[in-house]
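Student: Spelled out from the first residue to the last, the chains are:
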Amino acid sequence: MTEVVTLTSWLIGGLAVAVGAVGFAATHDVRSSVALLLDLLLAAGLLRLSADSSWSVLGAAAAIVAIRRLVIVYLPVARESTPGPMPTR
Amino acid sequence: MTHLQVGWSEEWLRVGVDALVILVEAAGAVVIFIGAVLAAFQFLRVLPRRDPEQFVPVRLTLGRFLALGLEFQLASDILRTAIAPSYEELGKLAVVATIRTALNYFLAREIREEQNQLQGGSPSGRSPSEKDPPR
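Residue numbers (this note's numbering), protein chains in the order written: chain A, 265 to 353; chain B, 305 to 439.
The set of hints was computed from the structure by calculation and includes no laboratory data.
Each hint should be verified, as a subset may be incorrect.
To be verified - Dumping the calculated SDA-like pairs for lysine to any residue here, alpha-carbon to alpha-carbon at most 20 Å:
id : chain 1 : residue 1 : chain 2 : residue 2
1  : B       : Lys396    : A       : Arg312
2  : B       : Lys396    : A       : Leu322
3  : B       : Lys396    : A       : Leu275
4  : B       : Lys396    : B       : Arg318
5  : B       : Lys396    : B       : Val321
6  : B       : Lys396    : B       : Ile338
7  : B       : Lys396    : A       : Val294
Said to hold, decoys possible - Covered stretches of chain A (chain B as the covering partner; in silico rule of three or more C-beta atoms under 8 Å from a C-beta of chain B):
id : region
8  : 285-297
9  : 304-314
10 : 317-328
Claimed, not checked - Partial list, derived from the structure: chain B residues whose beta carbon lies under 7 Å from chain A:
id : residue
11 : Leu351
12 : Lys396
13 : Val400
Glycine included, C-beta positions come from ideal geometry on N, C-alpha and C.
Using the sequences and the accompanying hints, generate a full structural model.
Tutor: In structure tokens:
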């Protein structure tokens with residue numbers, strides 16, 4: 265079962281990268297594409313964690329959770345704080 | 305009860321809990337896999353609209369499945385503590401359970417916030433039906 269779960273986690277990881285890249289190419293919106301990418305990577309990480317709970321996998325899963333949280337909290341702020349075009353008179 | 309009987313019942317308990325852990329963990333993995341596949345199909349359906357707002361329902365679907373899968377995985381962690389043999393195993397279980405519990409909390413909060421955004425409310429958690437009282 266461990267091999268199947270590990271293989272599935274790699275498949276979902278690849279799917280995450282593809283979805284993130286295609287999503288960004290289609291919408292040019294960094295926040296939504298990265299959020300989708302990280303959610304799918306998280307799914308892959310959780311699957312991997314159930315197959316292998318060594319300290320390195322645990323550290324990687326914790327890092328993904330932390331990065332995902334930081335991106336979701338701070339990326340919209342960064343986008344909203346970008347100055348828009350000057351108003352025309 | 306003799307020493308031999310206690311040994312046998314401990315062995316049976318260990319085998320039973322092991323089987324349950326595998327079953328519950330597999331259920332969690334299947335739920336997470338189904339969620340990822342469904343999210344991918346939903347993504348392909350909304351992609352032609354080229355609207356980033358359309359990705360929110362995709363993330364909501366995936367988030368719900370992840371939260372459910374996490375519940376199964378937490379249940380298997382709790383079961384595993386019944387037979388964890390060493391302090392290192394217990395330490396790993398504690399870290400895994402902490403990561404999963406924190407993630408479950410954040411996922412539930414994000415799902416709630418994004419549902420409110422989809423309904424047109426504010427991200428702070430107020431639904432659009434909650435209007436200011438008349439003065």
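Student: State for each hint whether it applies.
Tutor: Now for the hints, and whether the structure bears them out:
no.: 1; hint: B/Lys396 with A/Arg312; verdict: holds, 15 Å
no.: 2; hint: B/Lys396 with A/Leu322; verdict: holds, 8 Å
no.: 3; hint: B/Lys396 with A/Leu275; verdict: violated, 26 Å
no.: 4; hint: B/Lys396 with B/Arg318; verdict: holds, 19 Å
no.: 5; hint: B/Lys396 with B/Val321; verdict: holds, 18 Å
no.: 6; hint: B/Lys396 with B/Ile338; verdict: violated, 27 Å
no.: 7; hint: B/Lys396 with A/Val294; verdict: violated, 35 Å
no.: 8; hint: 285-297; verdict: holds (count 8)
no.: 9; hint: 304-314; verdict: holds (count 8)
no.: 10; hint: 317-328; verdict: holds (count 5)
no.: 11; hint: Leu351; verdict: holds, 6 Å
no.: 12; hint: Lys396; verdict: holds, 6 Å
no.: 13; hint: Val400; verdict: holds, 6 Å
In terms of the numbered hints stated before, the structure departs from hints 3, 6 and 7, listed from lowest to highest.
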